[in-house]
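In order, the protein sequence lines correspond to chains A and B.
Per our numbering, residue 1 is the first one in the first sequence, and the count goes up by one each step.
Per our numbering, residue 1 is the first one in the second sequence, and the count goes up by one each step.
None of these hints come from the bench; they were simulated from the model.
Each hint can be trusted.
Computed list of lysine-lysine pairs in DSBU-like fashion (alpha-carbon distance at most 30 Å, straight line):
| # | chain 1 | residue 1 | chain 2 | residue 2 |
| --- | --- | --- | --- | --- |
| 1 | B | K390 | B | K320 |
| 2 | A | K159 | B | K141 |
| 3 | B | K120 | B | K141 |
| 4 | B | K141 | B | K320 |
| 5 | A | K240 | A | K159 |
| 6 | B | K141 | B | K390 |
| 7 | B | K390 | B | K335 |
| 8 | A | K217 | B | K335 |
| 9 | B | K120 | A | K159 |
Each pair of labels, with its calculated beta carbon distance range:
| # | chain 1 | residue 1 | chain 2 | residue 2 | range |
| --- | --- | --- | --- | --- | --- |
| 10 | B | P20 | A | S403 | 36 to 42 Å |
| 11 | B | E248 | A | A188 | 55 to 61 Å |
| 12 | A | V152 | B | P392 | 34 to 40 Å |
| 13 | A | P134 | B | F225 | 35 to 41 Å |
| 14 | B | R59 | A | D326 | 32 to 38 Å |
| 15 | B | G81 | A | D352 | 33 to 39 Å |
Where a beta carbon is used, it is the ideal one built from N, C-alpha and C, also for glycine.
Below, each chain spelled out in residue letters.
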Amino acid sequence: MQNVPPRASTLKSRPSTLDVSQQILSHTYPNGLVLVAEPMHWLQSAAFTFLTPAGSAYDPADRSGLSSFTCEMALRGAGPRDSRQFILDLDNLGVERSESVSHVHTSYSGATLGENLPAALAIFADLLRRPRLPEEQIEAGRLAVLQELRAVEDEPAQKVMVELRRRHYPDPWGRPAHGEQAALEAIALADIRGHLARCYRPNGTILGVAGCFEWEKLQALVEELFGDWPAVEEQRVQEKPSPSRHAHIPYDSQQTQIGIAFPSVPYRHPDYFQARGAVGVLSGGMSARLFTEVREHRGLCYSIYAAQHTLYDRGAVFCYAGTGADRAQETLDVALRELTRLADGIQQAELDRVKSRIKSGLIMQQESSSARSSSLVRDWYHLGYARTLDEVGRLIDQLSIRSIDAYLAEHPPGDFTVVTLGPRELEVPLGVS
Amino acid sequence: MEFHEQVLANGLEIVAECNPAAHSSAMAFFVKTGARDETAAVAGVSHFLEHMMFKGTARRSADDVNREFDQMGADYNAGTGEELTVYHAAVLPEYQDRAVDLLADLLRPALRPSDFDLEKQVILEEIQMYEDQPPFGADDKARAMHFGSHPLGHSVLGTAESIGGLSVEAMRDYFHRRYSPANITLAAAGRIDFPRLVAAAERQCDWPAVPAERVIQPCVAQDGFRALRKESATQQYLLRLSSGPAAEDADRYAAKLLATVLGDDSGSRLYWELVDPGLAEQVSLSHCEYQGAGTMITYMSCDPDQAAGNLARIADVYGKVEAEGITPAEVEQAKNKVRSRIVLSSERPRGRLFVLGTDWIYRREYRPTEADLAAVAALTADDLVAVLAKYPLTRATTVTIGPLAELSAAQ
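This is chain B alone, in the form it adopts within the complex (with noise of 0.2 Å):
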């Protein structure tokens, strides 16, 4: 395993993690943009453009793009967050260049107005779809009132009058601005040849630099509590919201330790006392990590007649927790979860591409999986609690949604 690294003259970065024994290639950009980023005029235009960005460039239709992935039998996908974009590919090695060649080709776009009526439909399509579907919006209503004006609050997808009253110049201006090489990192794992990385990536990505910046605001955390009818729905869900370790802040690793000890999906706090006795359907904590700013996201679905003594299970595990603190056969049995997990990830080369593509984007550090795995090892109980008193889980923003006209917050 050698990790490379390379800078283009114009600002574009490049890194790899070249496995020689791997058997396939796994690449992609990471675009530093996302919700974040857009004002509320173009809501959703950060979603909206990465889908633009298979409809064809300069030298290709839409029909080419698909085509010509499919040729080489890549497995390939792009998705928008809160502040990244990330569009990969893994293949096998021998396609190498036609992969990057491709990926890069899409990120200057042609952004043909026809194309882009188009897709806007398949874009209302997919907006009406997580209407329909658990947790029917209510996770962008409770990241919206946690970050209160902050816009890590915004809404990845948009809405529907958002995206509708959308302009392709207005898309092409937000293009101009975010999509500038300084704001891209290229990342590789896998069975990868590092020089012929760098020299696809020079031939192809000769794009001007412009500053993209991002400023990071300060995030004042809201506490509050709301429920939303839906009458069509059968089970209640509820989503609460506390604040967590940003990604640049080393708690990070207790953070998600502290996550799977309370609310893994198996043998965790939160499962013993809701899913076990058959209280909940479904019941998870986990970390969610941004520039300057992070969270801690409890979700959970339950029958409709459980959820008031729930939701006060949950505050009981989060009260006591706080109280009592974490006992060391609980951080041995999460360290010895989390082991095998990232092994696990890591034996798959787009495992790995996510993980060092990441590292990179938001710490410009390499990590190799060694190192995560040394890190989760020498956690202890102490850390988890330390974590704990600086990111109370008691002090939460709390969304339910369901058939429950009202759902009392009382504990």
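Same shape as in the complex, but just chain A (with noise of 0.2 Å):
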């Protein structure tokens, strides 16, 4: 725990800087649970997330989608309240609300006025601690859940990534959250009950709450909700390797779809922000490369990207480009080119360029209450602690092209995955695997 925050009125003069008197607090309850809060007090919302460690990775080999399911089922009536007065309060309370499941966490998280917090908590905390899963239910849930499944057939850019994903990565951290037709088919209500008491738990739950509120009352109001939760033990994976790299999916389409795949370092390393300055040379801005080389100097497709992607201990560079099918060869090659000729150095005016970007998104993060409470869980998952704007601000002044360089002579884009969805196969250069 910190100190209280600054009076509302200091706050409410903010510099167009980072706010070096950003207040971040944190509480960590007897049962594990932690509570991470960043006070906002010029905004009249407040925004928080819960991530709870119910997530693909541990959905039993034949139960996948079992997380998905679960989420699905706990929305349906909690506590006191059946489905429908469930989502009535919510909707009362003015809650817009998503729930996301990634491979090792479930995530609940709402955004609403100030005022209305310390209720919509009370309903999260039905949620996660009293889910109903009412068994007259569970058929429309499984209809829910499936047709989420075929909804992805249809989207050839999500589905080429989600492949992506599985080939990259060993199993489980690649696997799919929507799960596989057969296993969702086959998930029971006692499948759900299990999932639920071993993963919905206090320790490894941390919940982030941002915006306009009180800490004192929040942090009484979370002991009063969660402090007798008891603790569970924690689950264990085990790895087993992906399947062959390189895949090509026949799609009845226009357009192929590309995704290439290279490994990188996770978000707690502590070259995670040079590596994170390379991907924002590749992309990121439209004068990064990959819009460069392949959108605007050659006209080959409307959308390419690459972003970094961060698992607890290590990580991964995915690219996108989506392109017309007989000019995805093409796109394929520069793409590549592109990826392999980051190893030969960056520029200083690229490197500028990045770090002007990232430090404007950071500070107009200081404008959204949910961009904030996500950061917040998010670094203390990876961290044990959240960092001010402040300190990532000063990582990112820290970056030069030598460090950056160096970074990249060590790890150079290569050993790549790469996954085509489209009419025709084509063909990955030699050397690439």
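Combine both chains into one complex, guided by the hints.
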């Protein structure tokens, strides 16, 4: 726990730079639950994010999609509320909510007016601790998760990236959260109850709150809502190698979708921002290399990007391009050339632009309670504390072309995983894998 | 929060909502032009031109444009619709002048033939991309059917044929007719120094005024049903368009609240009827406003086996609300959601920017966030029922696309 936030009046006159008076407060409860919070008294809203340790990596092999199905069922009533009352009460509190399942977490987020935060958190405490899991709704829930699975089939850009990730990371880290049809059809209510008992637990859960709230009251409320939630033993994950690294998926479409991945360092690694700087040279603004070389100079595609992805102990860069089938080979060749060329080093002007974009983004985060609450929990998961924007700003300031070139010399882009989806298979150049 | 406005001698209007406590400055040129201002021969030119704006000016190459935005760390983009084209950027306040200078310079593009030919490939890629993803062009088809011969039925992207055949001369001609200062508003929100904003516009926007009026034709909405086959699709998709209040119509608030009651993505009537039981993957109802016309759009995606049943269920939901009305509790629930959304979006300057710009370009009106909140708070169930009586949801154009060879419109 840290000191109390400064008076609201000092927070109100903010510079256009990173607010050095930014407060991040945290408390770890005896059962392991972490509350990490950032007051933003100039906002009327408050946002929250629960990261619960129920991700697809913990789905049993023959029950893939169990975390997603559990999330679907947890939203169908909890505590004193049936499913209708549950949604109605959240709607009346104006909670804009979203849920997502990643490899290690199920995340429940919401944003609303600050005055409604305590009531909203109480409802989510019921969801996490006392979901009703109504038996008469399990078939409706199953239909819903099966529909989500089917919807991905119609989104080629999403489909190629799901497959890329599955092939790039060893199992279970690349598992698609939405599961597989046979497994979803086999899941019984007992599986969901078991998953809930194992994975919805205080130890490993991180609650982030940002926006308009009072710290002491929040801390006491969370104690009241979650203090007597008993801890449960953590689960172990066994890694298995992924299927073959390259693949082409035949697909009836105009465009060919291209996914390329290569290894990087995770968020907690001391060189993370070196890697992020390097990826920023490849992709981000429209002057970045991939967009310039593939779209602006050659007109090969509408959409192309590269983005850093992080797990706890490893990271990767995932690249995407979607392009007409007849020009897909050229797009793949040019993209791979640009990725490989990164190892030759970067220019000062490129780095200046990357720094400028990242810092501008950090400053604008101060205008969004949702952006901050999700950053708080992500930081806590990876680092065990949440960085202030000022600290991130200083890490960005320290980047130089020398430091990034040194990182790239040690970690040249290579060892690529390439997945394509479209009417015709492409040739993956020799020496790429 | 302070509002300022000014008109330059050539007719360009400048509006700003200045918030000295904001961290960023957001600004945009709203150009009153889009697909409805095109002839069939140049279908898609508004959108293609929007891309060409980023390909350089007399002073800048395409690479210069991208580089300069990125040097400022700007969050920038542009978008083209049926009747508006918007060029926007959010920057740190110290870059206000540079950002206005750059956006304004963009609006006098070089339109070099070599850039035109290269960018044409990108547009053709974009058209292919939309053909590959839901709803596979059915949105354009539904709008064309609903509006019939009215220009709001035009496609924003155009077709591979119209884009393929477009000449740079035709684009230049369109540009000169539509990008007149009389047709453009510069809007800004967040931490904005208004005198500097006006000074920058005076320096940069000394563009000649040409008449650029838009003739608003009366719109006679068409009813109809069409099933399009897309064998490779997995899910079945449905679009249903009926008439709604226009941008000038005070009923638009009631229409949006009505859409929330019936078709919000959570807790609405369609949600409980279709999404909660797992019968549809998604369903929504939304209100879309244009100058002189408006639409209510229903969108649904589902397993093809459920499509016929869902079509009937949607018709039932709409028939029932027309017959039986809406409860005060439903109105309260919708208001609570909308109030929270308005506040959340207004906390970011770029959120305010779009509200400010569209209020001005459509209605020449400045509405602070509190005015929008008050307008929503004042609505009653009777207001929503009155809008429903004026714009029945049961009279609609329906287009469905997916693996089904046919889908019965029977209810």
